[in-house]
Each structure stands twice: as structure tokens, then as C-alpha cells.
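Going down the list, the sequences are from chains Z and C.
If you want the numbering used here, it's the 1-based position in the first sequence plus 8.
If you want the numbering used here, it's the 1-based position in the second sequence plus 26.
One should not assume that every hint holds.
Residues from chain Z shown here face chain C by an in silico Cβ test under 10 angstroms; the list is partial [unchecked claim]:
(1) Q77
(2) T93
(3) S99
(4) F107
(5) R130
(6) I149
Stretch by stretch, here's where chain Z covers chain C in the computed footprint (C-beta under 8 angstroms, at least three residues) [as the list claims (entries may be wrong)]:
(7) 52-61
(8) 65-73
(9) 108-117
To be clear, the hints were calculated from the coordinates, so they are not data collected in a lab.
C-beta: ideal position from N, C-alpha, C; glycine also.
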Amino acid sequence: MGVIMITSFADPLDVLLSLQRALDAQTGSGWLQNQTASQGPFPPINVFQKGDDVLAIIELPGIEKSDLQIQAKENTIRISGKKTTNYPEGSIHRRERVFGEFDRTLSLPIQLDPDRIKAEYRDGVLALLLPRAESEKPRTIKIT
Amino acid sequence: MTGAQQLQVQRKREHDKREETTIPARVFVPTADIYETQDALTVILEMPGVKKNNVAVRVEDGLLYVEGRLDLAKYQGLQPLHTEYNIGHYSRSF
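Given the sequences, and given the hints that come with them, work out the whole structure.
Set out below in C-alpha cells:
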């Protein structure tokens, strides 16, 4: 991507608005275009750049950590799992939340270092820190 | 309810404001499940990204208000590359 977006959120009142605008502006970018076949569109995912590395933030409310699997290989990452209901006996008045299984594979345009991937699931949000492989990082060439 | 059903993305519904807010940022309506057992009525709301202590629940004139504020610190200094959903605070009343 050629354009570098300046997203410094200095004013706390403006933080959310500028972030929402930045997210809107990026929707439909071709960054993750080459996706593998075995995937559904769930869960929705936002990808950010954090220094040299990539941070994927995925909204996955209401899932047990044990029902979530993450696999990484070269430049692909697979997120699969299931969301289950456990309602006690009684009458259900409203059901808007969705339940079922999901399996999504992302192909990133960078090589990953699978050993250094960090996954954190907190407050219904899965954050994956995807470090760029050392072999991909630019090196300064010493001039002799 | 079939267990093997593939999950579909639910588009976030925006909150229709009755009053103007001070900043034009978006607020979303969390999806909800409500069920009743013999001794209680339970409301489950999905507000991904909201910490437990940033949820405000109050009952006023027979209305239940739930608000969830997003912690934006995590997004500090990040450059979006690819996005599929937008973020915002949550608010809903019953």
C-alpha cells in the first residue's frame, strides 16, 4: 500500500471518530485479497500495522477459549472454533445472537514467524500479534 | 438449532440517537438474547471489546439501560491495513 495513513489520536474526544473514519476508509482494501478457499466470512477481522509487525483484531464474543483453535503456517493463519449455547430451561423471549461453527483462513502478504505469534482473547475480542519473519526484515548493508 | 451451521457475519446495527451526542462518533446496538426462568429474566448482550468495569447498567422509570464503553488505548498508534468491521461504544435500553 502506497499511502501511509497518519492516525495519531491526540485529542481523546476525537479518538473514536478518527478511528472510525480510518476504519471506514480502509474497508475493501485489497490487502487480504488472496484468500484460501476454506473459509467463511466469519469472524470479521481488522488488520493493523504495528511497527514491523501485523496485529489482527477479531471480534468473537461469547466463545470459550477451549473452543477456539489458531494455526499458523508460513503466511497463512487459520482461526476455527465453535460458539455454543447453554441456556437453562425456560422460555426464550429474544434471540439475536448467532451460534455455530466457523473456520477461516487468512493468507497474509507477509511471511510470519509462527513461533512468535501471540494470541490473546479478552472481553470477546481475539488479538493476534503476527510478527514478520526475521528473514523478511530489511537489513542495512554495510558498504565496504 | 443445528450445531454444524456455518456462522454468518452479523452487521452491527447503529444506535439511532434520540438526542444529539457531543461527538459525532458512532454508537452500536449490542445484539441481545433474553430468556426467562422460574425466578429471573436474563438479558445477555454482546459487546466485544468492552471491559467489565466499563459497563454501566441502570434502571430508570421501568427501563433498563445498558451502556458499554470501548477501551481505545489498544488502538493507539495502529495503522489500519484491512478492515471488516467498525468499532464504537455500545448502548441499548429495554
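Comparing the hints with the structure gives:
1. With 10 angstroms as the threshold, the beta carbon of Z/Q77 stays out of range of chain C, its nearest partner Cβ sitting at about 15 angstroms, so the hint is violated.
2. Interface hint status for Z/T93: upheld, as the beta-carbon distance to the closest one in chain C is roughly 7 angstroms, under 10 angstroms.
3. For Z/S99, the interface hint holds, the least distance from its beta-carbon to any beta-carbon of chain C being 5 angstroms, beneath 10 angstroms.
4. A distance limit of 10 angstroms between C-beta atoms decides the matter here; for Z/F107 the minimum to chain C is near 7 angstroms, and the interface restraint holds.
5. For Z/R130, the interface hint holds, the least distance from its beta-carbon to any beta-carbon of chain C being 8 angstroms, beneath 10 angstroms.
6. Hint on Z/I149 is violated. Least Cβ distance to chain C is approximately 27 angstroms, over the 10 angstroms limit.
7. Coverage of the stretch 52-61 of chain C by chain Z holds. Counting CB-CB distances below 8 angstroms, 6 residues qualify, and the rule asks for three or more.
8. Evaluation of the coverage hint for the stretch 65-73 of chain C: fulfilled, as 4 residues show C-beta separations to chain Z shorter than 8 angstroms, against a requirement of three.
9. Three residues within the 8 angstroms Cβ limit are the bar, and the stretch 108-117 of chain C against chain Z gives 8, so the coverage statement holds.
When held up to the earlier numbered hints, the structure conflicts with 1 and 6 and fits the remainder.
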